[in-house]
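Put together the whole structure using the sequences plus the hints.
These protein sequence lines map, in sequence, to chains A and B.
FYI, our numbering numbers position 100 of the first sequence as 100, with every residue one higher than the one before it.
FYI, our numbering numbers position 151 of the second sequence as 151, with every residue one higher than the one before it.
A portion of the hints provided could be inaccurate.
[Claimed, not checked] Derived DSS-like pairs (lysine-lysine); straight-line CA-CA distance at most 27 Å:
| # | chain 1 | residue 1 | chain 2 | residue 2 |
| --- | --- | --- | --- | --- |
| 1 | B | 34 | A | 6 |
| 2 | B | 273 | A | 133 |
| 3 | B | 273 | A | 6 |
| 4 | B | 159 | A | 133 |
| 5 | B | 126 | A | 133 |
| 6 | A | 6 | B | 256 |
| 7 | B | 159 | A | 6 |
| 8 | B | 34 | A | 133 |
| 9 | B | 35 | A | 6 |
| 10 | B | 216 | B | 226 |
| 11 | B | 35 | B | 46 |
| 12 | B | 3 | A | 6 |
None of these hints come from the bench; they were simulated from the model.
Residues per chain are reported as follows:
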Amino acid sequence: MQSKRKIRVLIAKPGLDSHDRGAKVVARALRDAGMEVIYTGLRQTPEQIVQTALQEDVDVIGLSILSGAHKALFPRIMELLRQEGLMDIMVFAGGIIPEEDIKEMKKLGVKEIFGPGTPTEKIIQFVFENMPKRT
Amino acid sequence: MAKIEEITRGVLAGDRRSIARAITIIENNTAEAKKLIASIYPRTGKAHIIGLTGPSGSGKSTLIEKIVREYRRRGKTVGVIAVDPTSPFTGGAFLGDRIRMQELSTDQGVFIRSMATRNYSGGLAKVTKDAVKVLDAAGKDIILVETVGAGQSEVEIIKVAQTTVVVHAPGLGDEIQAIKAGLMEIADIFVVNKADRENADKAVTDIQSILQLNNKETAWKPPILKTTALTGEGVPQLIEKLEEHRRFLEKETERKRTLGKAEAELIEAIEEKVVGSIIEDLKKQGKFEELLQKIIERKIDPASAAEKLLRGKFKKAE
Numbered sequence: 001m002q003s004k005r006k007i008r009v010l011i012a013k014p015g016l017d018s019h020d021r022g023a024k025v026v027a028r029a030l031r032d033a034g035m036e037v038i039y040t041g042l043r044q045t046p047e048q049i050v051q052t053a054l055q056e057d058v059d060v061i062g063l064s065i066l067s068g069a070h071k072a073l074f075p076r077i078m079e080l081l082r083q084e085g086l087m088d089i090m091v092f093a094g095g096i097i098p099e100e101d102i103k104e105m106k107k108l109g110v111k112e113i114f115g116p117g118t119p120t121e122k123i124i125q126f127v128f129e130n131m132p133k134r135t
Numbered sequence: 001m002a003k004i005e006e007i008t009r010g011v012l013a014g015d016r017r018s019i020a021r022a023i024t025i026i027e028n029n030t031a032e033a034k035k036l037i038a039s040i041y042p043r044t045g046k047a048h049i050i051g052l053t054g055p056s057g058s059g060k061s062t063l064i065e066k067i068v069r070e071y072r073r074r075g076k077t078v079g080v081i082a083v084d085p086t087s088p089f090t091g092g093a094f095l096g097d098r099i100r101m102q103e104l105s106t107d108q109g110v111f112i113r114s115m116a117t118r119n120y121s122g123g124l125a126k127v128t129k130d131a132v133k134v135l136d137a138a139g140k141d142i143i144l145v146e147t148v149g150a151g152q153s154e155v156e157i158i159k160v161a162q163t164t165v166v167v168h169a170p171g172l173g174d175e176i177q178a179i180k181a182g183l184m185e186i187a188d189i190f191v192v193n194k195a196d197r198e199n200a201d202k203a204v205t206d207i208q209s210i211l212q213l214n215n216k217e218t219a220w221k222p223p224i225l226k227t228t229a230l231t232g233e234g235v236p237q238l239i240e241k242l243e244e245h246r247r248f249l250e251k252e253t254e255r256k257r258t259l260g261k262a263e264a265e266l267i268e269a270i271e272e273k274v275v276g277s278i279i280e281d282l283k284k285q286g287k288f289e290e291l292l293q294k295i296i297e298r299k300i301d302p303a304s305a306a307e308k309l310l311r312g313k314f315k316k317a318e
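If you want it as structure tokens, here you go:
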């Protein structure tokens, strides 16, 4: 049964970033690794991201953020996931997140944070290895 | 994960998480999927199922967003299934139809699900019709199904939808060529989207002229509407036509159509069962492997091999 299961990933851009190049590169890499990638475009609110994750029944959420607003947006997203009972979704992030914030973000439940220049292979491998176990 | 019975109950109660899980179960085609469909089936049949198809770039997703808004304004709940192709090489898929619909994602009266074809042909996923049943059983009044960008052969949608809308747009190149064959024949409603473009009227006349060639007497004459999805212009008129078609179906051919759809579904289910069991049987007989080897060695072609295998099988019937 497990082998039939496709990994579904939501790649989302919270906040007011004006471009989504990085997010699209990651989305494409995950697609080419055989995953089904739901892409929602720019300027998503935490509510939209969480409701999308719920409707799409994703296993993984990848958040991309460049604006520096992660300290406001990530806690909200994690809180909403909790409220909706979606804590079994694995969340990772990428973009511009200062070293000193990483610990704090991980404490919120963000599993990993990838900085600029991370090879996509590394992200793919990470997703495969950290896919939440669901039956 | 919650038990299948729990998910079924959740679906019937309209619980969003359960709907999402149910569709995943169906997509992964587990043993539980059959049980699930069986138990929700009695509660289906109430929704108006509308298919939208047409070439890539005709604006289907944007139009759907506006259609949903209009239905919501009229107090209806809406489910959307947006299908995008799976890569035949990697098995992965990029599902991007939501980009145009994201403002709807927080509306509790709307449920949007992206679906990859998983290499099923015809412009839909194999299980799209079962996912529709989940949304139907969950109480959605309107269900919109968006096919992959379609050319001529992506006509599976008519097996799923009660009303099929073919969306075209001027200036896509190849003009009417793209919808000449299959798509022309399946439309209950034609939409020329991006009607603010200068050659929109020409697209309308093109469709008209092709329709006129069709001299079959039909009770429903597919109307041609112009919309500009970006601004929403023409969308209320489209909804009126959709409603009109729904009433038409109810009155005249609902029974026949439903019968046809039910027959197609029953036949497909039988095929799946029969073919599966026959193949399993044949595999047990050993000859299967032997012929397989011969095919690889080019000693026999697959069609003849199939005939050989099946000859004994249907002797009784002949």
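Evaluated hints:
At roughly 19 Å between alpha-carbon atoms, residue 34(B) and residue 6(A) fall within 27 Å of each other, so this suggested pair holds. Distance hint between residue 273(B) and residue 133(A) is unfulfilled; the C-alpha atoms sit about 31 Å from each other, more than 27 Å. Pair hint residue 273(B) plus residue 6(A) holds up; C-alpha atoms about 24 Å apart against a cutoff of 27 Å. Under the criterion of a C-alpha separation no larger than 27 Å, the hint pairing residue 159(B) with residue 133(A) is inconsistent with the structure, at around 35 Å.
Of the supplied pair hints, the one linking residue 126(B) and residue 133(A) holds, its CA atoms being roughly 25 Å apart against a limit of 27 Å. With a C-alpha separation of about 38 Å, the suggested pairing of residue 6(A) with residue 256(B) is violated against the 27 Å cut-off. At roughly 26 Å between alpha-carbon atoms, residue 159(B) and residue 6(A) fall within 27 Å of each other, so this suggested pair holds. For the proposed pair residue 34(B) and residue 133(A), the alpha carbon gap of about 23 Å is at most 27 Å, so the pair holds.
For a cut-off of 27 Å, the pair hint linking residue 35(B) to residue 6(A) stands: about 21 Å separates their Cα positions. As the CA atoms of residue 216(B) and residue 226(B) are separated by approximately 24 Å, the hinted pair is consistent with the 27 Å bound. The straight-line distance between the Cα atoms of residue 35(B) and residue 46(B) is roughly 21 Å, inside the 27 Å bound, and the hint therefore holds. For the hint pairing residue 3(B) with residue 6(A), the CA-to-CA distance comes to about 20 Å; that is within 27 Å, so the pair holds.
Checked against the numbered hints above, the structure violates hints 2, 4, 6; every other hint is satisfied.
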